[in-house]
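Asker: So the chains spell out like this:
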Amino acid sequence: MKRNKEDQKRILSNKNIFFLLLAFAIIIIFYFMPTPEGLTFEGKLMLGMLIMAAILWVTEPIPLPATGLLIMIMQPILGILPAKDVFSSFGNQAIFFLIGAFIIAAAIEKHGLHRRIALRFLRFFEKSPRTFTFGIISSCAFLSFVMPEHGVAALFLPIIVSILVAMKIVPRQSNFGKISMLSVAYGCSIGSLGTLIGGARNPLTIGVLSDIGINVSFFDWMIYAIPVVLISLPLIWLVLQFVFPIEIKDISLAKNEIKKQVKLQGKINIKELTVLGILIITVALWIIFSSSIFFGLGVIAILGSILLFVTGCVKWEDIEKRVPWGIILLYGGAITLGEGIISTDAGNWLSNQLFYLVGNNIYLVVLGLIVFTILLTNIMSNIGAVAILLPIGFAIATGIEGISPLLASMLIALSGGLAFMLVIATPGNAITYSSGYFSTKDLLKSGVLANIICIGVMFTVAVVYWVGILNL
Amino acid sequence: MFKNILIPISSEFYSINVLLRGVFLSKKFKSTINLLYIIEEKRFNHTDKLVDTYRTTMEKEETKKEIINTHKQVADTIIFDDAKKIFKEKDVKLEGKIVNGEFSDVIKQELILKNYDLILMGFEKESSLKYRLLEDVDVPVWIVGEGESKKILAVCTNLAPNKKVPIVSMKLAEKLDWDLHMLYVADIEDSVQVDEKGNRSERKTERELLNVGQKFLENFRDKKIKTRLVKGTLEKETIKKAQEINAQLVIVGREQKKKGVLGLPVKNLKKKLAEKCKYSLLFLN
Chain A
1 MKRNKEDQKR ILSNKNIFFL LLAFAIIIIF YFMPTPEGLT FEGKLMLGML
51 IMAAILWVTE PIPLPATGLL IMIMQPILGI LPAKDVFSSF GNQAIFFLIG
101 AFIIAAAIEK HGLHRRIALR FLRFFEKSPR TFTFGIISSC AFLSFVMPEH
151 GVAALFLPII VSILVAMKIV PRQSNFGKIS MLSVAYGCSI GSLGTLIGGA
201 RNPLTIGVLS DIGINVSFFD WMIYAIPVVL ISLPLIWLVL QFVFPIEIKD
251 ISLAKNEIKK QVKLQGKINI KELTVLGILI ITVALWIIFS SSIFFGLGVI
301 AILGSILLFV TGCVKWEDIE KRVPWGIILL YGGAITLGEG IISTDAGNWL
351 SNQLFYLVGN NIYLVVLGLI VFTILLTNIM SNIGAVAILL PIGFAIATGI
401 EGISPLLASM LIALSGGLAF MLVIATPGNA ITYSSGYFST KDLLKSGVLA
451 NIICIGVMFT VAVVYWVGIL NL
Chain B
1 MFKNILIPIS SEFYSINVLL RGVFLSKKFK STINLLYIIE EKRFNHTDKL
51 VDTYRTTMEK EETKKEIINT HKQVADTIIF DDAKKIFKEK DVKLEGKIVN
101 GEFSDVIKQE LILKNYDLIL MGFEKESSLK YRLLEDVDVP VWIVGEGESK
151 KILAVCTNLA PNKKVPIVSM KLAEKLDWDL HMLYVADIED SVQVDEKGNR
201 SERKTERELL NVGQKFLENF RDKKIKTRLV KGTLEKETIK KAQEINAQLV
251 IVGREQKKKG VLGLPVKNLK KKLAEKCKYS LLFLN
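Chains A and B, in that order, are what the protein sequence lines are. Numbering (my numbering) for the first sequence: 1 to 472. Numbering (my numbering) for the second sequence: 1 to 285.
Hints listed in this document are in silico derivations from the structure and should not be mistaken for laboratory results. In this text, a Cβ means the ideal position worked out from N, Cα and C, and glycines have one as well. Just so you know, not all the hints are guaranteed correct.
As the list claims (entries may be wrong) - Reference listing, derived: stretches of chain A covered by chain B, where coverage requires no fewer than 3 residues with Cβ under 8 Å from a Cβ of chain B:
1) 59 to 72
2) 144 to 157
3) 324 to 332
4) 425 to 435
5) 439 to 448
What the hints assert, rightly or not - Simulated pairs of lysine to aspartate or glutamate, EDC-like, Cα-Cα distance not exceeding 16 Å:
6) A:K321 x B:E61
7) A:K110 x B:E62
8) A:K321 x B:D52
9) B:K278 x B:E237
10) A:K445 x B:E126
11) B:K97 x B:D82
12) B:K258 x B:E189
13) B:K125 x A:D442
14) A:K441 x B:E124
15) A:K321 x B:E62
16) A:K168 x B:D82
17) B:K231 x B:E189
18) B:K163 x B:D195
19) B:K60 x A:E320
20) A:K110 x B:E61
21) A:K321 x B:E59
22) B:K60 x B:E41
Using the sequences provided together with the hints, build the complete structure.
Answerer: The following block contains the structure:
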């Protein structure tokens, strides 16, 4: 009964109706307005779709994946692209990489392997409260290399709260409590940049890149992204230490609690060992054989998944319970949005307009892309922000000398993961905020500083490493 | 006077000062204390919505359970443990329970189940709590703030019936052996006179409002109560006077203020007072 009332409320929400109408009004306006010079009719409609998607992904009157589906069907309806071309986006191997990665993550979660790894990792950092918080942030980052960041945040929530409660740390009143929880949120976000598994925006980026003939392997991605992680992680940890000076000195209660939790886990069983083995093999295969001249990412991901089924580590019902299919649909919409912008030449037109606005100063453009992406990702879903900005990034790459599509994509994809300021910015922030150990003001205070530092890191890495050394 | 005290603690905010004030009052009034820990439902509903696309129904359920468990752990190991120690030391009877829900709704529900004479609670400006109960409940609400002095500031105004405030403040001052200061604020932003039944009159002139205030305060002058009549806005004058005398407790009645600056409507004045006043507040509805 209560549920029905809630559902009714949701259907009748005036706010949602307003944003839906606004989104559709944009399409109608774009349909009937005169087509600017240099832009095709289809290109004009695609730009309208881009704005419509931005409105729907920021305000969320309908679920994010539903917006993804809407983007897909609107293109054939408006005559922009034939249905066959739109739906063929689901044939992109990055989709199958995502499915495989989710299945592997489901197996890890099912057998509690992630919990075991997390606890083992934390045991290395029991020397002092400061090192312990560094242990949290680095453990979260490390685990986010091999499973989705929000899964890692959900894993660490009970572990860290148990430790804080054992230490009698009162929510919101202790800086140690604040740093511990914020380390989880920020560690997951930073770690998710490192590999293609951490955040769905990473496969989305390589998916869109592959459509324009640029293939990025698992290893390539790591080569580009790991330096950002390695530089940002200690800096963000220092930011937290600076904003919330730790008030406690004794960590012995935390040690005892971790010891207790490790003991509760018992000895590693055969299923966990098998999942661990398959995970190691899959990651090794991704690193060595995921380039286009070998098998590609999707094949290896599915191979790893099949091995999990063959060894009995997962059943199909586990997959039904633990794979968020919504992201796959969201991904489909996002990738067609990029394709539509490129194939209708809306990208070229956009690049000319942006060229007039920002000129051809490569440094200014790089900085602008980083800052704009970080601002956008803080107010909407990461994947939505990246989906909207990728076509704009490509447009910039076509029009401005010195900015390649790969450089623009990496800037957008990695900056898209740096959502530190608001609870709504990323699931990791929301999950850790639910612990009650920090306030929205605390998050904003440390998040603003952390984001400024990360802008500096991203800019330096982009200019010195990506452009200067790797010639991206 | 306060035989049954309800101490609600939200998972959004905890202050040990509320428990210490609870002990103090329970010793003075021989009260029983009921501790209610409220796990804010909106917290996990909000999280649920934010992770909607990224996590499956089962994973969201697991996370929800984890969030509830973490708050239960905090309640059991930190808050109830503190309370047991503090109240046992002073030999005060304590009952406690943990409930999921929305702060104001849970308290209102609890008031139906049991007769309480006082709600004693903390206040956190930065939390997501709406504190609707400040306007909605008939039971006195004591918000624990700062202040070390032994002074009570009773606030009367043209915007309240001024029936309960003098009676309760005099009783309290006597029982606690604290000094009583009576402030009458003629609120010129909303210049109506509220009668004993709570009805608002037509607009009055400043002079008329001040005359009523003057007459009202004359009743207390021979009772060794320090009185003061001011004109201005209720909330500002209350805070100003509380700071001036460094009040331990500020008592405010059932005010009917409807208009604020430039005649704009005023919403939840009590919440605003609680946000701006650092001293303890006792709202008598």
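Asker: Each hint should be assessed against the structure and marked as holding or not.
Answerer: Here is what the structure says about each hint:
Note: the region 59 to 72 of chain A has 3 residues with beta-carbon separation from chain B under 8 Å; the three-residue rule is met and the coverage holds. For the region 144 to 157 of chain A, the assignment as covered by chain B holds, since 5 residues bring a beta-carbon within under 8 Å of that chain's beta-carbons and 3 suffice. Evaluation of the coverage hint for the region 324 to 332 of chain A: fulfilled, as 4 residues show C-beta separations to chain B shorter than 8 Å, against a requirement of three. Three residues within the 8 Å Cβ limit are the bar, and the region 425 to 435 of chain A against chain B gives 6, so the coverage statement holds.
Counting residues of the region 439 to 448 of chain A whose beta-carbon sits less than 8 Å from any beta-carbon of chain B gives 3, enough to reach three: the coverage restraint holds. With a CA separation close to 11 Å, the supplied pair K321 (chain A) and E61 (chain B) stays within the 16 Å bound. For the hint pairing K110 (chain A) with E62 (chain B), the CA-to-CA distance comes to about 12 Å; that is within 16 Å, so the pair holds. The suggested pairing of K321 (chain A) with D52 (chain B) holds, with an alpha-carbon distance near 14 Å, which does not exceed 16 Å.
Between K278 (chain B) and E237 (chain B) the alpha-carbon distance is near 14 Å, which keeps this suggested pair within the 16 Å criterion. Annotation: proposed proximity of K445 (chain A) to E126 (chain B) holds, straight-line Cα distance about 13 Å (limit 16 Å). With a CA separation close to 14 Å, the supplied pair K97 (chain B) and D82 (chain B) stays within the 16 Å bound. For the hint pairing K258 (chain B) with E189 (chain B), the CA-to-CA distance comes to about 9 Å; that is within 16 Å, so the pair holds.
Only pairs whose Cα atoms come within 16 Å are accepted, and K125 (chain B) paired with D442 (chain A) is accepted, the gap being roughly 14 Å. Restraint check for K441 (chain A) and E124 (chain B): satisfied, since their Cα atoms lie roughly 12 Å apart, inside the 16 Å limit. As the CA atoms of K321 (chain A) and E62 (chain B) are separated by approximately 11 Å, the hinted pair is consistent with the 16 Å bound. A C-alpha spacing of about 10 Å is found between K168 (chain A) and D82 (chain B), which places the hinted pair at or below 16 Å, so the restraint holds.
At most 16 Å may separate the alpha-carbon atoms for a hinted pair to count; K231 (chain B) and E189 (chain B) meet this at roughly 10 Å. Distance restraint check for K163 (chain B) and D195 (chain B): the Cα-Cα separation of roughly 10 Å lies within the 16 Å cut-off, and the hinted pair is therefore satisfied. Among the hinted pairs, K60 (chain B) with E320 (chain A) is consistent with the structure: their alpha-carbon atoms are about 14 Å apart, no more than 16 Å. Of the pairs offered as hints, the one joining K110 (chain A) and E61 (chain B) holds, with about 14 Å between alpha carbons and a cut-off of 16 Å not exceeded.
Restraint check for K321 (chain A) and E59 (chain B): the C-alpha separation of about 8 Å stays at or below 16 Å, so the hint holds. For the hint linking K60 (chain B) to E41 (chain B), the alpha-carbon distance of about 14 Å falls within 16 Å, and the restraint holds.
In summary, this structure violates none of the numbered hints.
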